[in-house]
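> Listed below are the residues making up each chain.
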Amino acid sequence: MHFSEDDLREALKRKDPGEGFTQRTMARVNQARVNQAQAEGTAPPATKKVNGKFLAWWTLRPAWTVVVAAVLLLACGIGGYQYSEYRHAEEMRIARAKQQQLQQEAEHARDQAIMALEIARAKLNHVLQHAQLQAEPSDKVRRQRL
Amino acid sequence: MEQTAAFEDDRLKLALNLAVKGDGQAFEDLVREHQGMVFSIAYHFLQDRSLAEDLAQEVFLELFQTLDRIQSPAHLTYWLRRVTANRCIDQGRKKHRRREMALEEAPEPVASSPSADPMLLERLQQGLATLPEKQRLVVIMRFQEGLGPAEIAEVLEMPVNTVKSTLHRSLAELRKGLARKIREVRYAFF
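In the order they appear, the protein sequences are chains A and B. Here the first sequence stands for residues 16 to 161, where the numbers follow the numbering used here. Here the second sequence stands for residues 122 to 311, where the numbers follow the numbering used here.
I should point out that these hints are in silico values taken from the structure, not numbers from a laboratory. You may find that some hints are simply not true.
Said to hold, decoys possible - Derived contacts from chain B toward chain A, CB cut-off under 10 Å, selection only: (1) 142; (2) 145; (3) 152; (4) 169; (5) 186; (6) 189; (7) 190; (8) 265.
What the hints assert, rightly or not - Straight-line C-alpha distance at most 30 Å; calculated DSSO-like pairs for lysine-lysine: (9) B/215 / B/285; (10) A/113 / B/255; (11) B/297 / A/28; (12) B/297 / B/285; (13) A/30 / B/215; (14) B/285 / B/302; (15) B/285 / B/255; (16) B/255 / A/30; (17) B/302 / B/215; (18) B/255 / B/297; (19) B/134 / A/30; (20) A/113 / B/285; (21) A/138 / B/134; (22) B/255 / B/215; (23) B/142 / B/215; (24) A/28 / B/142; (25) B/134 / B/215; (26) A/113 / B/302; (27) B/302 / A/30; (28) A/113 / B/215; (29) A/138 / B/142.
Stated by the list, open to error - Pair ranges (Cβ atoms, derived): (30) A/91 / B/271: 18 to 28 Å; (31) A/81 / B/211: 21 to 31 Å; (32) B/211 / A/47: 45 to 55 Å.
Heads up, the beta-carbon is just placed ideally off N, CA and C, and yes, glycines get one too.
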């Protein structure tokens with residue numbers, strides 16, 4: 016089954032809303048008119064109430080709200096980035112100081128070890144000389160006996 | 122013929138001017154003049170008589186509240202089409218009717234002219250109810266209101282090329298849906 020554009024026009028022909036539509040619509044319009052008149056009669060003068068400077072924020076236009084939100088987001092982003100940079104630099108500084116301290120301690124330990132070895136060497140030399148001096152006369156006596 | 126159209130235009134212009142000044146009878150004339158258009162757009166879109174009537178009344182209520190912004194009878198027609206289309210989309214979203222209505226659930230169509238095939242018209246109206254909102258509105262504006270793609274684009278705030286492609290796609294979908302429906306009927310019989 017095929018259809019032509021005329022069939023579609025026929026299917027979508029304007030429909031009559033039926034008896035009484037105009038009256039019902041006008042009744043709603045008149046009711047709205049009465050409500051509007053009552054509201055205008057009883058309402059206070061059309062002045063905008065602004066509850067202090069802080070609440071005046073809410074009266075900003077949506078576009079400004081978007082701009083302010085964007086600026087706040089940007090500021091938060093930059094602040095967060097700078098804080099993370101600061102944290103990184105601080106950690107690096109602490110690590111460097113620690114490394115330097117360790118290096119100094121290692122050098123000090125090395126110097127102490129060298130000094131201890133020097134003392135040991137001096138003492139050993141002294142003992143060796145003393146032993147040689149004691150050994151020399153006893154050798155002479157033994158040779159004489161023979 | 123042209124004289125009649127000019128007379129009609131003058132009559133509407135006068136009614137509009139009087140209605141803007143607060144003449145209730147003139148506003149009623151405007152409602153009577155455009156109620157068929159507004160109601161039919163809503164009815165063809167929503168496929169529900171009471172919802173369509175309610176929506177049409179709301180459109181006229183909004184017109185009454187913003188009447189001072191209407192500059193001419195042509196502007197009034199354009200405004201009514203646009204506001205009705207927007208309200209139809211809002212209503213459709215509220216009710217989640219789009220795509221949820223099966224062909225079988227579509228309401229019974231109103232009586233058609235004796236020259237057309239009533240079964241075909243019924244199927245077309247049911248098929249229209251299954252189209253997405255924008256496509257449905259484009260088809261209604263094209264075939265109910267007889268608007269060209271440029272006018273539809275202006276009313277529905279869409280690019281002209283989108284209107285053309287939407288119209289093409291809608292007709293294809295309607296044809297496909299109709300063929301599928303006929304196949305189902307054949308299977309049911311044999």
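> Against each hint, give a clear statement of whether it holds in the structure.
To see whether the hints hold, each was checked on the structure:
1. The restraint placing residue 142 of chain B at the interface with chain A is violated, with a minimum CB-CB distance near 14 Å, outside the 10 Å limit.
2. With its C-beta approaching chain A no nearer than about 7 Å, residue 145 of chain B sits inside the 10 Å limit, and its interface hint holds.
3. Against a cut-off of 10 Å between C-beta atoms, the interface hint on residue 152 of chain B holds, since the closest Cβ of chain A lies about 5 Å away.
4. Look at residue 169 of chain B: its Cβ only gets to about 12 Å from chain A, farther than 10 Å, so that hint breaks.
5. For residue 186 of chain B, the interface hint holds, since its Cβ comes within 10 Å of a Cβ in chain A; the closest pair sits about 7 Å apart.
6. A least Cβ separation of about 14 Å between residue 189 of chain B and chain A goes past the 10 Å threshold, and the interface hint is therefore violated.
7. Checking residue 190 of chain B against chain A: minimum C-beta separation of about 16 Å lies over 10 Å; hint violated.
8. With a least beta-carbon distance of about 4 Å to chain A, the hint placing residue 265 of chain B at the interface is held under the 10 Å criterion.
9. Note on residue 215 of chain B and residue 285 of chain B: the hinted pairing holds, with a Cα-Cα distance of about 27 Å set against a maximum of 30 Å.
10. For the proposed pair residue 113 of chain A and residue 255 of chain B, the alpha carbon gap of about 69 Å is over 30 Å, so the pair is violated.
11. The hinted pair formed by residue 297 of chain B and residue 28 of chain A meets the criterion: a straight-line CA distance of about 22 Å does not exceed 30 Å.
12. Distance hint between residue 297 of chain B and residue 285 of chain B is fulfilled; the C-alpha atoms sit about 18 Å from each other, no more than 30 Å.
13. Of the pairs offered as hints, the one joining residue 30 of chain A and residue 215 of chain B holds, with about 24 Å between alpha carbons and a cut-off of 30 Å not exceeded.
14. As the CA atoms of residue 285 of chain B and residue 302 of chain B are separated by approximately 26 Å, the hinted pair is consistent with the 30 Å bound.
15. Restraint check for residue 285 of chain B and residue 255 of chain B: satisfied, since their Cα atoms lie roughly 12 Å apart, inside the 30 Å limit.
16. Of the pairs offered as hints, the one joining residue 255 of chain B and residue 30 of chain A holds, with about 21 Å between alpha carbons and a cut-off of 30 Å not exceeded.
17. As the CA atoms of residue 302 of chain B and residue 215 of chain B are separated by approximately 28 Å, the hinted pair is consistent with the 30 Å bound.
18. About 18 Å separates the Cα atoms of residue 255 of chain B and residue 297 of chain B, which keeps this hinted pair within 30 Å; it holds.
19. Between the alpha carbons of residue 134 of chain B and residue 30 of chain A the distance comes to roughly 25 Å, so the proposed pair stays at or under 30 Å and holds.
20. Proximity of residue 113 of chain A to residue 285 of chain B is assessed by CA-CA distance (about 73 Å); at most 30 Å being required, the pair is judged violated.
21. Only pairs whose Cα atoms come within 30 Å are accepted, and residue 138 of chain A paired with residue 134 of chain B is rejected, the gap being roughly 127 Å.
22. This hinted pair checks out: residue 255 of chain B and residue 215 of chain B have alpha carbons roughly 15 Å apart, not beyond 30 Å.
23. About 35 Å separates the Cα atoms of residue 142 of chain B and residue 215 of chain B, which puts this hinted pair outside 30 Å; it is violated.
24. Restraint check for residue 28 of chain A and residue 142 of chain B: not satisfied, since their Cα atoms lie roughly 34 Å apart, outside the 30 Å limit.
25. A hinted pair counts as satisfied when its Cα atoms are at most 30 Å apart, and residue 134 of chain B with residue 215 of chain B does not qualify at roughly 36 Å.
26. Taking the CA atoms of residue 113 of chain A and residue 302 of chain B, the gap is about 82 Å. The hint is violated against a cut of 30 Å.
27. Between the alpha carbons of residue 302 of chain B and residue 30 of chain A the distance comes to roughly 26 Å, so the proposed pair stays at or under 30 Å and holds.
28. For the proposed pair residue 113 of chain A and residue 215 of chain B, the alpha carbon gap of about 67 Å is over 30 Å, so the pair is violated.
29. The straight-line distance between the Cα atoms of residue 138 of chain A and residue 142 of chain B is roughly 125 Å, outside the 30 Å bound, and the hint therefore fails.
30. Distance hint for residue 91 of chain A and residue 271 of chain B: a CB-CB separation of about 47 Å, inconsistent with the stated range 18 to 28 Å.
31. With their beta carbons about 24 Å apart, residue 81 of chain A and residue 211 of chain B fall inside the hinted range of 21 to 31 Å.
32. For the pair residue 211 of chain B and residue 47 of chain A, the supplied restraint of 45 to 55 Å is violated, since their beta-carbon distance comes to about 19 Å.
The structure does not agree with the numbered hints 1, 4, 6, 7, 10, 20, 21, 23, 24, 25, 26, 28, 29, 30 and 32 stated previously, though it agrees with the rest.
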